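2 protein chains.
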Amino acid sequence: GTLFSPREGTMADEAPFQFLHNEVLQYIYKSAENGETDNGRNIAKLENMGFRVGQGLMERLTKDTARFKDELDIMKFVCKDFWTCVFKKQIDNLRTNHQGIYVLQDNKFRLLSQLSAGKQYLEQAPKYLAFTCGLVRGALSNLGVKSIVTAEVSVMPACVSDHKMIRKIFS
Amino acid sequence: GTLFSPREGTMADEAPFQFLHNEVLQYIYKSAENGETDNGRNIAKLENMGFRVGQGLMERLTKDTARFKDELDIMKFVCKDFWTCVFKKQIDNLRTNHQGIYVLQDNKFRLLSQLSAGKQYLEQAPKYLAFTCGLVRGALSNLGVKSIVTAEVSVMPACVSDHKMIRKIFS
Chain A
2 GTLFSPREGT MADEAPFQFL HNEVLQYIYK SAENGETDNG RNIAKLENMG FRVGQGLMER
62 LTKDTARFKD ELDIMKFVCK DFWTCVFKKQ IDNLRTNHQG IYVLQDNKFR LLSQLSAGKQ
122 YLEQAPKYLA FTCGLVRGAL SNLGVKSIVT AEVSVMPACV SDHKMIRKIF S
Chain B
2 GTLFSPREGT MADEAPFQFL HNEVLQYIYK SAENGETDNG RNIAKLENMG FRVGQGLMER
62 LTKDTARFKD ELDIMKFVCK DFWTCVFKKQ IDNLRTNHQG IYVLQDNKFR LLSQLSAGKQ
122 YLEQAPKYLA FTCGLVRGAL SNLGVKSIVT AEVSVMPACV SDHKMIRKIF S
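Chains A and B, in that order, give the protein sequences.
Using the working numbering, read the first sequence as starting at 2 and increasing by one per residue.
Using the working numbering, read the second sequence as starting at 2 and increasing by one per residue.
None of these hints come from the bench; they were simulated from the model.
Since this is a predicted model, take the numbers as computed values, not measurements.
Backbone N, C-alpha and C fix where the C-beta goes; we use that ideal spot for every residue, glycine too.
Possibly wrong hints are sitting among the right ones.
[To be verified] Ranges between beta-carbon positions, derived for each pair:
#, chain 1, residue 1, chain 2, residue 2, range
1, B, K64, A, S142, 36 to 46 angstroms
2, A, K31, B, K109, 27 to 37 angstroms
3, B, Q27, A, S142, 10 to 20 angstroms
4, B, R96, A, D93, 39 to 49 angstroms
5, A, S155, B, T151, 42 to 52 angstroms
6, A, N98, B, N23, 30 to 40 angstroms
7, A, A67, B, R96, 27 to 37 angstroms
For reference, chain A alone in the conformation it holds in the complex (with noise of 0.2 angstroms):
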């Protein structure tokens, strides 16, 4: 017979992502031949990475969506479909001069949770952006948008535990 019931959902739907993101980081750190001098290299691999996951998880996400009208309509898409299949929350702010550039802000970006406040975590943001730069930028290119994404981080009070990203497109 069934030993167990149904469940409901929790808060760590997202969690597992998150925490195979973090190995995957330490994996690259720590398997890199020239040790830390490669910061530029790791950073590059993990970008690739985000892109490929980025590509299949579009390619995805649209199978059975009817197509978009603009590339606003793309970037829309981008902040809340999308979004949300990868981080369990929507971006949230999303502005743009509607000439190419757009800004995409997280206000509790998940993938930071784990580095604490401080200098060092200035220093240590890059390598926890870039697999997400490459996440979008693979997202977006799936749907025919070449672009350059970066991404910046300020840090709030260390009373306060959230962690934002600006994101910056331009397509």
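Given chain A, work out where chain B should sit, using these hints.
Structure of chain B alone, referenced to chain A:
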């Protein structure tokens, strides 16, 4: 103003983890120094990575959970809460001899769904199972249960797209 409205869940909710797992696999096998001869070492790397993810995940999942009353109780938690957290479905069947051997059966194991059926399927399967074996071992370890976790695959007729995984745990 807000550029978009809330969104509902989709069937792709488990996909980010799945795609990232696949990239990890590719990366480890591509970056292996000794090439194809080193399959055992790659399997061990994947198993170790899974172990750490399983440990961290179980730590988080049981943070607010009352203590378990026995080993079977822990096993049910793995089949239900833990499995759903990672694979968005429960284990389909849990059997035990009540002497420390548990058999967990997943009739639609997500991390095998990218493989097509046939001979190659059985050859390739071990590398797609290693991470998850470690995952379960790590999860149990976090709850103080030492275990040996092995996995086997049973292929359905090619016309059926289900991928069955049977997992044995000796604790």
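Broken hints, numbered, in rising order? 7
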